[in-house]
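Residues per chain are reported as follows:
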Amino acid sequence: MKNSLREVVCYHCGTSVLVPGSARSGSCAQCHQRINLDDLVVETATTWPGPLFTCGRIVIRPRTRLSTRLIAAAEGIEVSGKVQSRLSCWGTVTLQEDAVFRGDCRASALVVRPGAVIEGGFFEIVPARRAPGMAAGDADASPVEAGVLA
Amino acid sequence: MADSRENTTVLGPDATFKGEMTFEGSAHIRGTFEGTVTSEGELHVDGGANVKATVKAQTISVDGKVEGDLNAGDRLELLARAEVKGDIICKTLVVVQGAAFKGHVTVGPDAATPTRADKPVLSAKPTRLPRVKPEGEWMADPVVAAPAVRVPEWAGQGASTAKPAWMTGAEEPKSE
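So the sequences go chain by chain: A and B. According to the working numbering, the first sequence is numbered sequentially starting from 1. According to the working numbering, the second sequence is numbered sequentially starting from 1.
Don't take each hint at face value.
[As the list claims (entries may be wrong)] Stretches of chain B that chain A covers, calculated by requiring three or more beta carbons in the stretch to come under 8 Å of a beta carbon on chain A:
1) 87–94
2) 99–107
[Unchecked claim] Taking lysine-lysine and the BS3-like style, the derived pairs with C-alpha atoms no more than 25 Å apart in a straight line are:
3) B:K52 to B:K18
4) B:K18 to B:K102
5) B:K91 to B:K52
6) A:K82 to B:K102
7) B:K91 to A:K82
8) B:K18 to B:K85
Note that these hints are calculated values from the structure, not bench results. All residues carry an ideal CB built from backbone N, CA and C; glycine is no exception.
Isolated chain A (complex conformation):
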């Protein structure tokens, strides 16, 4: 049976990479760094010391309390529960009804459901193909290279 291919964006360099559909990790053809392909689901209250990276989606379930340095996902981040972190995403960041978010956010699109609470972080929402003047080039930069790790 032939394995279908999936196109993902490397979170190190921003290059589109074709990977097998069932692969859970791989390496970028451009920068040769290892990339996670799994979707990550966070369900427990935790303080995670390191960043969470993936080329897929990151879903933070309701009633979760998560404190971590950086959450970066290429396809999207969905936040429920209480989260304190920096979010970096090429796709859409969704703050669900019960989300309480504290931190900075950088994404192409933002969805804030009614009831979500944002406690004063710096937000930079730049659509991927934006006219010049709103730093369109920045939206294409890798979340890692863009300085979110600094």
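Here the structure of chain A is known, so what remains is to put chain B in place on it, guided by the hints.
Leaving out everything else, chain B in the frame of chain A:
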């Protein structure tokens, strides 16, 4: 039947306004605005508008360019053509696909009140006044500074606080 547009203020696309705008009801900005907007109603920044202002209104809808802080008491909508640079404070935030903004965001039921400008400004370092003892306290303090002087017994002999008779004018007993 009253026209719903009766209380609508419109700044046309060819208009430029600098200053402070206050209104009730609703307003549409389609031109260029610079200054301050304060309202309990609805403000619409239409597509093509260019606003450099601090905006405070109950409902704000942005489809143009805004540079400045937005404070919506109830709802803030960033539509597809919105470009906002500034801080956002509102109870409900709606961001339509395509909107762009940079700034600090505070969203929630308690976010809209009070605004930063409304908060009392406290000095960074309060002035400390010197401590003043309550009235009468200092009187009760024992005197410890005065050295105890021992008066010799002979010095006090016969000493009297009573004034001599010649000072008081009384007749002195005649000595024989």
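Comparing the hints with the structure gives:
Only residues whose beta carbon comes within less than 8 Å of a beta carbon in chain A count, and the segment 87–94 of chain B has 4; three or more means the coverage holds. Proximity of the segment 99–107 of chain B to chain A, defined as three or more residues with a beta carbon under 8 Å from a beta carbon of that chain, is established by the 9 residues found. Distance hint between K52 (chain B) and K18 (chain B) is fulfilled; the C-alpha atoms sit about 9 Å from each other, no more than 25 Å. About 24 Å separates the Cα atoms of K18 (chain B) and K102 (chain B), which keeps this hinted pair within 25 Å; it holds.
Taking the CA atoms of K91 (chain B) and K52 (chain B), the gap is about 22 Å. The hint holds against a cut of 25 Å. Straight-line distance between C-alpha atoms of K82 (chain A) and K102 (chain B) comes to about 23 Å, which keeps the hinted pair within the 25 Å bound. For the given pair, K91 (chain B) sits about 18 Å from K82 (chain A) by alpha-carbon distance, which is consistent with the 25 Å threshold. Taking the CA atoms of K18 (chain B) and K85 (chain B), the gap is about 19 Å. The hint holds against a cut of 25 Å.
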